[in-house]
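Same order as they appear, the protein sequences are chains A and B. The first sequence: position 207 = 207 (my numbering), numbered continuously. The second sequence: position 5 = 5 (my numbering), numbered continuously.
There's no promise every hint is true.
Calculated pairs, PhoX-like style, for lysine-lysine (alpha carbon to alpha carbon, straight line, at most 25 Å) [stated by the list, open to error]:
hint, chain 1, residue 1, chain 2, residue 2
1, A, Lys6, B, Lys49
2, B, Lys49, A, Lys93
3, B, Lys49, A, Lys168
4, A, Lys169, B, Lys49
5, A, Lys93, A, Lys6
Now the in silico label distances, taken between C-beta atoms and shown as ranges [claimed, not checked]:
hint, chain 1, residue 1, chain 2, residue 2, range
6, B, Met54, A, Val105, 46 to 54 Å
7, B, Val66, A, Gly144, 55 to 63 Å
8, A, Phe174, B, Met28, 42 to 50 Å
9, A, Arg94, B, Ile20, 49 to 57 Å
10, B, Gly41, A, Pro139, 41 to 49 Å
11, A, Gly51, B, Trp39, 44 to 52 Å
Since the hints were made in silico from the structure, they are not lab data. Nothing here was measured: the structure is a model prediction, and the numbers come from that model. Using N, Cα and C, we set each Cβ at its ideal position, and we do this for glycine too.
Below are the chains, spelled out letter by letter.
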Amino acid sequence: MTNLTKRAAAECIGTLFLVYFGAGAAAVTLMIANGAETPNRFNIGIGELGGLGDWLAIGLAFGFAIAAVIYSLGRISGAHINPAVTIALWATKRFPAQDTVAYIVAQLIGASLGSLFFAASAGMDAITIGGLGATAPFPGISYGQAILAEAIGTFILMIVIMGVAVDKKAPAGFAGLVIGLTVAGVIVTLGNISGSSLNPARTFGPYLGDLLLGGSNLWGYFPIYLIGPVIGAVCAAFCYDWISSGE
Amino acid sequence: MKCYLCAKEGKSTDAVGVCIICGMGLCMEHAVRDDIAMWEGGYPFPERKMNRTMPRILCPECNAAVKK
Ligand SMILES: [Zn+2]
Ligand SMILES: [Zn+2]
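Here chain B stands alone, though its shape is the one from the complex:
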């Protein structure tokens, strides 16, 4: 797969990841990799942030939409 955003700019770059939301192929430059906090517990225990995080790759557009 090629990077969708690079293709729009007329470049052909191999994709290294896929946006989990829109499915867009992404090159290293365009992929936004984030570590998502994980929580454990909940009623009847207080929720606590776990030491582990979950990695997630998004395109810049979806990342901006999620962060809003």
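Excised from the complex, chain A in its bound form:
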């Protein structure tokens, strides 16, 4: 097995790609829609130009990035690129504690670098208008509702990871494609509700970038994207173990 430093580097690079391209797509959508009159306060600009198609595009930017990272780095580090996934694998005794800590630190660093590189590529509008693609509950969505949405979205993501990858009976070769498309699909529905982060690192990077570069301070919402995804992923891992036991 590759040593922990190199595996952590792979997690860092993978999460960087995820945030740069995924969260970056959300920021670009807001920049494109900037100045347009939105029909209601639930519509903050994403959806102004293409309805749910805007969200599908953002979802696919995440999905393609995830598939690319899983296929390219999956055999090196496991390509979790998501602390919730790493924690769920640790909680079900599939992943060692020491590696879990190193992976999470690497994912948070990678996500932050992804946001900083995106800001460097796209300029100040990416921060002031695009918010670096940071997630926050949409108008009318409460803190509790956002946690629930994040938990359910991440539950589905982790059930899919268990079924198409962790389970030894899973067909080989489909994991990256199916997991990427799952995230894309979840974003279509949950994007305009909770932001559909499903991943504490994916929210951490833009939050830190916004704070460092003069954007909004959104850290009050961070617990949504920590509690929801971690609960959802851990429940899904135990749930899959239970429903697939005694086969």
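With chain A fixed as given, assemble chain B with the ligands onto it according to the hints.
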């Protein structure tokens, strides 16, 4: 079965193995026996080399082609 390579040299030697790729019968001299590394894991776990290896017999020609 006789060794194909020995037969080409005009000798008649009993084969002790068969090349897994081309099916050529091989004597002890001509058989190339290799231990192939096995890997476990892969997404979402890092791949690791297993302690077990898988034996494989090839003829010298196929062995050279595979190694390239
Ligand atoms: Zn021979
Ligand atoms: Zn051969």
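Right, here's what the structure says about each hint:
Taking the CA atoms of Lys6 (chain A) and Lys49 (chain B), the gap is about 16 Å. The hint holds against a cut of 25 Å. In summary, the hint linking Lys49 (chain B) to Lys93 (chain A) is supported, as the alpha carbons are separated by about 20 Å, within the 25 Å threshold. Taking the CA atoms of Lys49 (chain B) and Lys168 (chain A), the gap is about 17 Å. The hint holds against a cut of 25 Å. Distance hint between Lys169 (chain A) and Lys49 (chain B) is fulfilled; the C-alpha atoms sit about 21 Å from each other, no more than 25 Å.
Among the hinted pairs, Lys93 (chain A) with Lys6 (chain A) is consistent with the structure: their alpha-carbon atoms are about 22 Å apart, no more than 25 Å. At roughly 37 Å, the beta carbons of Met54 (chain B) and Val105 (chain A) sit outside the given window of 46 to 54 Å. Between Val66 (chain B) and Gly144 (chain A) the C-beta distance comes to about 60 Å, which sits within the given range of 55 to 63 Å. With their beta carbons about 44 Å apart, Phe174 (chain A) and Met28 (chain B) fall inside the hinted range of 42 to 50 Å.
The given range of 49 to 57 Å is broken by Arg94 (chain A) and Ile20 (chain B), whose C-beta atoms sit roughly 35 Å from each other. The given range of 41 to 49 Å is respected by Gly41 (chain B) and Pro139 (chain A), whose C-beta atoms sit roughly 45 Å from each other. Restraint check, Gly51 (chain A) to Trp39 (chain B): a C-beta distance of roughly 46 Å satisfies the suggested window 44 to 52 Å.
Checked against the numbered hints above, the structure breaks hints 6, 9 and satisfies the rest.
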